[in-house]
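Protein chains: 2
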Amino acid sequence: MFGFRVDSLCPDTCARVGEIRTRRGSVPTPVFMPVGTRATVKAMAPFELQEMGARIILANTYHLYLRPGHDVVGEAGGLHRFMGWPGLILTDSGGFQVFSLADRNDISEEGVTFRSPVDGQQILLSPELAVEVQMGLGSDIAMVLDECCACPAEREYVERSVERTLRWAERSLEAHDHPWQQLFGIVQGGVYGDLREWSARETAAMGFPGFGIGGLSVGEDRADMLRCLRAAKGQLPEERPVHLMGVGTPLDIVDCAAEGVDLFDCVLPTRNARHGSVMTWEGPIRIAGAQYATDRRPLSDECDCLACAGQYERAYLWHLHRIKEPL
Amino acid sequence: MFGFRVDSLCPDTCARVGEIRTRRGSVPTPVFMPVGTRATVKAMAPFELQEMGARIILANTYHLYLRPGHDVVGEAGGLHRFMGWPGLILTDSGGFQVFSLADRNDISEEGVTFRSPVDGQQILLSPELAVEVQMGLGSDIAMVLDECCACPAEREYVERSVERTLRWAERSLEAHDHPWQQLFGIVQGGVYGDLREWSARETAAMGFPGFGIGGLSVGEDRADMLRCLRAAKGQLPEERPVHLMGVGTPLDIVDCAAEGVDLFDCVLPTRNARHGSVMTWEGPIRIAGAQYATDRRPLSDECDCLACAGQYERAYLWHLHRIKEPL
Chain W
0 MFGFRVDSLC
10 PDTCARVGEI
20 RTRRGSVPTP
30 VFMPVGTRAT
40 VKAMAPFELQ
50 EMGARIILAN
60 TYHLYLRPGH
70 DVVGEAGGLH
80 RFMGWPGLIL
90 TDSGGFQVFS
100 LADRNDISEE
110 GVTFRSPVDG
120 QQILLSPELA
130 VEVQMGLGSD
140 IAMVLDECCA
150 CPAEREYVER
160 SVERTLRWAE
170 RSLEAHDHPW
180 QQLFGIVQGG
190 VYGDLREWSA
200 RETAAMGFPG
210 FGIGGLSVGE
220 DRADMLRCLR
230 AAKGQLPEER
240 PVHLMGVGTP
250 LDIVDCAAEG
260 VDLFDCVLPT
270 RNARHGSVMT
280 WEGPIRIAGA
290 QYATDRRPLS
300 DECDCLACAG
310 QYERAYLWHL
320 HRIKEPL
Chain S
0 MFGFRVDSLC
10 PDTCARVGEI
20 RTRRGSVPTP
30 VFMPVGTRAT
40 VKAMAPFELQ
50 EMGARIILAN
60 TYHLYLRPGH
70 DVVGEAGGLH
80 RFMGWPGLIL
90 TDSGGFQVFS
100 LADRNDISEE
110 GVTFRSPVDG
120 QQILLSPELA
130 VEVQMGLGSD
140 IAMVLDECCA
150 CPAEREYVER
160 SVERTLRWAE
170 RSLEAHDHPW
180 QQLFGIVQGG
190 VYGDLREWSA
200 RETAAMGFPG
210 FGIGGLSVGE
220 DRADMLRCLR
230 AAKGQLPEER
240 PVHLMGVGTP
250 LDIVDCAAEG
260 VDLFDCVLPT
270 RNARHGSVMT
280 WEGPIRIAGA
290 QYATDRRPLS
300 DECDCLACAG
310 QYERAYLWHL
320 HRIKEPL
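Going down the list, the sequences are from chains W and S.
Going by numbering that gives the first Met the number 0, 58 is the number at position 59 of the first sequence; the sequence numbering is gapless.
Going by numbering that gives the first Met the number 0, 200 is the number at position 201 of the second sequence; the sequence numbering is gapless.
Simulated from the structure, these hints should not be mistaken for lab results.
One or more of the hints may lead you astray.
Given that identical chains are not distinguished, each listed pair holds provided it fits within a single copy or across any two copies.
Below 25 Å or equal to it, Euclidean Cα-Cα: the simulated DMTMM-like pairs (lysine to aspartate or glutamate) are [to be verified]: (1) K323 to E153; (2) K323 to E47; (3) K41 to E173; (4) K323 to D220; (5) K41 to D70; (6) K323 to E74; (7) K41 to E109; (8) K41 to D176; (9) K41 to D294; (10) K41 to D193.
Turn these sequences into a full structure, and let the hints steer you where they fit.
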């Protein structure tokens, strides 16, 4: 009943159409997940997300652990209830943010120690804590704690890191005890194809109901990304969903869906929008450009979003961007 | 056809129910106008304003003159079209902002000279320019340029200021040439009842289709405000609408509507909301308070706004406020 079902396969590529099934409902795949970092997709009301077709969002365990805390969210009846989101939620493990955002972090076998940016306290994010926090949040899909290596990273380091991530995955499975939350394993391995294969094979052997592929689209060449994705994907069971974490651009999504990826997430659309960068079928528009100050056309004639369908002129959007108005 | 119609009078107070009629439609009075400073009511989409019952908003001539400029708005087909607002718009004259926001300003018979905060240029805001800008914006109701005296101000100064404002009103009428925009005169006079009467009488004699009462609720006692309002109102023709500019709190609105005021505007609700202060039937809530961090109740049980009807908990709103999320 819970899990994943593949409905059809592309005859020419590895692309597939399927459905993620959870206690809260189903979502057709492939699917893009908008990122709701801190229990809100910035400046978007839940009904607005729904109107634009979002069915599942990603929320960040790291940020929610720090503020307001998984205990607060748990007592509010879980993250869905807390933020008023009727769709599904996937939470990451917090690892990526600890490695990329925390001022200082120390990795040990036990976990990652970092200094809280909120109160300066030392915090040990262990595989067990990452699972505990996500159970408290009550997401539909949780992720194991993994180490996302810097890019580039030495092979020897990545090898040790993959080993540790595998041990953390075992501990995460052990700690996970939830009636309907699905816990996904994560494949790492840097840009080393054989390490990607090994990480995928060992993680798959643990029997997770789905898998994340992490540490890609972090600065490596596009060709390396696709090569590593293929290496990992080849070792993962066909009947399980695969989430390519933090990917990506529209082109990345098309190319990686053709490799059989089912779930995507990226801050790109919301971050771009805040910074005045707009994607249209005719190409990108950077609305801060002086040429838009008097441009009376809508962003696109082929779009039915509120801004385009409402016939808001580029000149108005230029104005809003210039005065830093979040509307 | 355009203008104002009084439909009924309160038997006990001076309150009245009526209708402002413009080419774009009618609005029942008394009415509160949300403030859309820079061609947007901050963070609110036009459809959201409509859903909460707004029929007319106020926009700031000063801000729109500086950015994006009334020429840009005019070429976009006017302010309604530019910001996608289907209701009515009243614009102020820009005078209040010049006096209160500009770093330095010099008042002369000609107008007010100030330094643009955008590019440092010296700008002379004259009665004629204030009218020209508002005609370019295409608001339904425009206001004459007036001088809003500081509070407290010497009687002698206020007297000279009222005289000048009367001369500016004449010039504004002279300069105003628009097929359907209504131009309102403005009553000043500080806290001096006889000056208020005189200002109102002389302004009324010029035959404006409606009147603003300015320079109240700027720091004077509440009793002084009501006294001056009565003094002015007594000299204004019963059949013309009266706008009490920049007022006010819910209590002010009730009290001043009882004095026969028809139009109100204030940044209070939007500014309060941004600063985490909420008005409920049970009294104000400052959502930043630590006691709300785990408060699972909605803001109010008697409210049908999105936040209350959606059963968003105070704990969630506390969280959003704390992370400075504009949602």
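Cross-check of the supplied hints:
no.	hint	in the structure
1	K323 to E153	neither (42 Å within a copy, 40 Å between copies)
2	K323 to E47	both (21 Å within a copy, 20 Å between copies)
3	K41 to E173	neither (34 Å within a copy, 49 Å between copies)
4	K323 to D220	neither (34 Å within a copy, 36 Å between copies)
5	K41 to D70	within (22 Å within a copy, 33 Å between copies)
6	K323 to E74	between (35 Å within a copy, 22 Å between copies)
7	K41 to E109	neither (34 Å within a copy, 47 Å between copies)
8	K41 to D176	neither (31 Å within a copy, 45 Å between copies)
9	K41 to D294	between (27 Å within a copy, 23 Å between copies)
10	K41 to D193	neither (39 Å within a copy, 53 Å between copies)
Checked against the numbered hints given earlier, the structure breaks hints 1, 3, 4, 7, 8 and 10 and satisfies all the rest.
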